[in-house]
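From just these sequences and the hints, can you work out the full model?
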Amino acid sequence: MATSELRSLLASISQWLKFRGKHAGYWAFLFQRGSGVVLVAYLYLHLYELRLLLVGSVAYEGFLRLVLSPIFLPFDMLLFAVGIYHGANGLKTAINEFGYGINHSKSLLVLMLIIGVIVWAYASYAVAEFSLGTP
Amino acid sequence: MTMLQHTPEPVEKENAKDKITVKIFRFNPRTETTPNYVTYRVPIKKLMRIMDIFEHLVEVQGVDLAYRSSCGMMSCGSCGILANGVPKLACVEPAEEGMVIEPLANFPVIRDLVVDRSLYDEKISTLLPFLIREDSHLEFPEFVRHSQMKSRNTFAQCISCLLCMSACPIVASDSDFIGPAALTRVASLVQDVRDRGMETRILKVSGPDGVSRCHFIGECSEVCPVDAKPSLAIQILRRKSTRSLLRRVLTLRTQNYPSRLGTS
Chain A
3 MATSELRSLL
13 ASISQWLKFR
23 GKHAGYWAFL
33 FQRGSGVVLV
43 AYLYLHLYEL
53 RLLLVGSVAY
63 EGFLRLVLSP
73 IFLPFDMLLF
83 AVGIYHGANG
93 LKTAINEFGY
103 GINHSKSLLV
113 LMLIIGVIVW
123 AYASYAVAEF
133 SLGTP
Chain B
3 MTMLQHTPEP
13 VEKENAKDKI
23 TVKIFRFNPR
33 TETTPNYVTY
43 RVPIKKLMRI
53 MDIFEHLVEV
63 QGVDLAYRSS
73 CGMMSCGSCG
83 ILANGVPKLA
93 CVEPAEEGMV
103 IEPLANFPVI
113 RDLVVDRSLY
123 DEKISTLLPF
133 LIREDSHLEF
143 PEFVRHSQMK
153 SRNTFAQCIS
163 CLLCMSACPI
173 VASDSDFIGP
183 AALTRVASLV
193 QDVRDRGMET
203 RILKVSGPDG
213 VSRCHFIGEC
223 SEVCPVDAKP
233 SLAIQILRRK
243 STRSLLRRVL
253 TLRTQNYPSR
263 LGTS
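Protein sequence lines correspond, in order, to chains A and B.
The opening residue of the first sequence carries number 3 in the working numbering; numbering runs sequentially from there.
The opening residue of the second sequence carries number 3 in the working numbering; numbering runs sequentially from there.
No lab work stands behind these hints: they were computed from the structure.
Note that the coordinates shown come from a computational prediction; the quantities given were computed from them, not determined experimentally.
C-beta: ideal position from N, C-alpha, C; glycine also.
Check the hints yourself; a few may be wrong.
Claimed, not checked - Cβ-Cβ distance ranges computed for the label pairs, FRET-style:
#, chain 1, residue 1, chain 2, residue 2, range
1, A, L12, B, V102, 19 to 29 Å
2, B, V146, A, S6, 43 to 53 Å
3, B, E34, A, S109, 44 to 54 Å
4, B, F142, A, F21, 45 to 55 Å
5, B, R249, A, I120, 35 to 45 Å
6, B, E34, A, L54, 53 to 63 Å
7, B, Y39, A, A43, 52 to 62 Å
Take a look at the structure:
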């Protein structure tokens with residue numbers, strides 16, 4: 003990436019980090035971008051994990067044992083939160099962009115977040131049960 | 003002959019409580035390399051606006067502050083500034099203690115609080131900001147039903163104060179984006195029953211820097227002082243743009259449709 007492009011990218015990001023006086027829609031947008039970056043990073047981690055299949059089953063299963071251990075449970079929960087938020091806000095934006103609920107954008111965002119929290123709680127419970135084992 | 007006796011008005015004693023402190027952005031790009039914030043103390047009055055601070059500084063204290071002002075009643079849209087980081091009109095925003103006043107964000111500063119509006123002017127001039135008619139109207143005033151103009155009237159409230167452009171994070175990161183102010187103007191014309199230029203306008207706002215660039219963040223509508231609903235205007239244009247594209251695809255007339263590949 004050329005220096006000028008990098009400088010332009012950094013200038014753009016710095017503009018987004020001016021938080022004073024911002025409203026709910028702005029925070030939703032900012033978290034959407036942030037969660038998108040986290041999901042892309044996770045995608046690369048996932049590709050690294052799949053690459054281990056080429057190394058051999060021992061390496062792959064060793065890595066799986068590591069990430070399925072309870073230490074990684076908070077990371078799984080964070081990943082669910084990020085993914086569910088990205089999906090929920092994306093769905094809300096898509097609904098708005100089809101022309102529905104434009105005047106109730108904030109209410110729609112709150113509704114999507116409530117649904118998102120419920121789905122996240124269930125997903126976290128399920129993965130915790132799987133990771134920690136059934137008592 | 004009776005001599006008129008001039009009784010001098012009693013001079014009010016200055017009280018520290020009667021003054022407020024404000025911090026104002028000062029920058030002259032011709033002579034300075036970096037902006038600085040200067041603190042001023044001005045006497046507070048009842049129902050004092052930010053514009054009154056500027057007028058006091060220039061007319062009473064003799065400060066060479068550059069700012070824009072015209073109607074003073076929220077109609078001309080020239081006095082947009084950032085008050086504590088939020089885009090506001092100086093002619094209506096109340097003055098407060100400790101306020102930080104800056105020029106509108108996302109525009110180059112000409113001097114102090116005056117920004118270069120050409121970013122907007124150049125864009126709006128390419129979007130045919132006038133009624134396109136097939137024939138001249140026969141009578142005056144023209145017979146138009148209120149119900150026909152209702153949807154247009156919301157967007158026609160826009161006073162081009164550019165607070166929306168200043169609040170938009172997409173304008174902040176991509177200055178090529180047409181922006182909410184110009185798009186609201188286009189929406190008001192597109193929704194006008196007298197106008198016949200919808201297809202031309204929709205084509206102009208359907209490019210990569212047009213309506214598809216908006217992410218429906220809604221900051222533009224939040225800061226709009228006249229409730230012209232710029233985010234709603236953009237979504238209406240987006241809907242019309244999508245329909246226009248579908249019509250063109252179905253009738254195989256996509257050659258003039260703007261795309262990222264360079265056709266215009």
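How the hints compare with the structure:
no. : hint                        : in the structure
1   : A:L12 - B:V102: 19 to 29 Å  : holds, 25 Å
2   : B:V146 - A:S6: 43 to 53 Å   : holds, 51 Å
3   : B:E34 - A:S109: 44 to 54 Å  : holds, 47 Å
4   : B:F142 - A:F21: 45 to 55 Å  : holds, 51 Å
5   : B:R249 - A:I120: 35 to 45 Å : holds, 41 Å
6   : B:E34 - A:L54: 53 to 63 Å   : holds, 58 Å
7   : B:Y39 - A:A43: 52 to 62 Å   : violated, 38 Å
Of the numbered hints stated above, the single one contradicted by the structure is hint 7.
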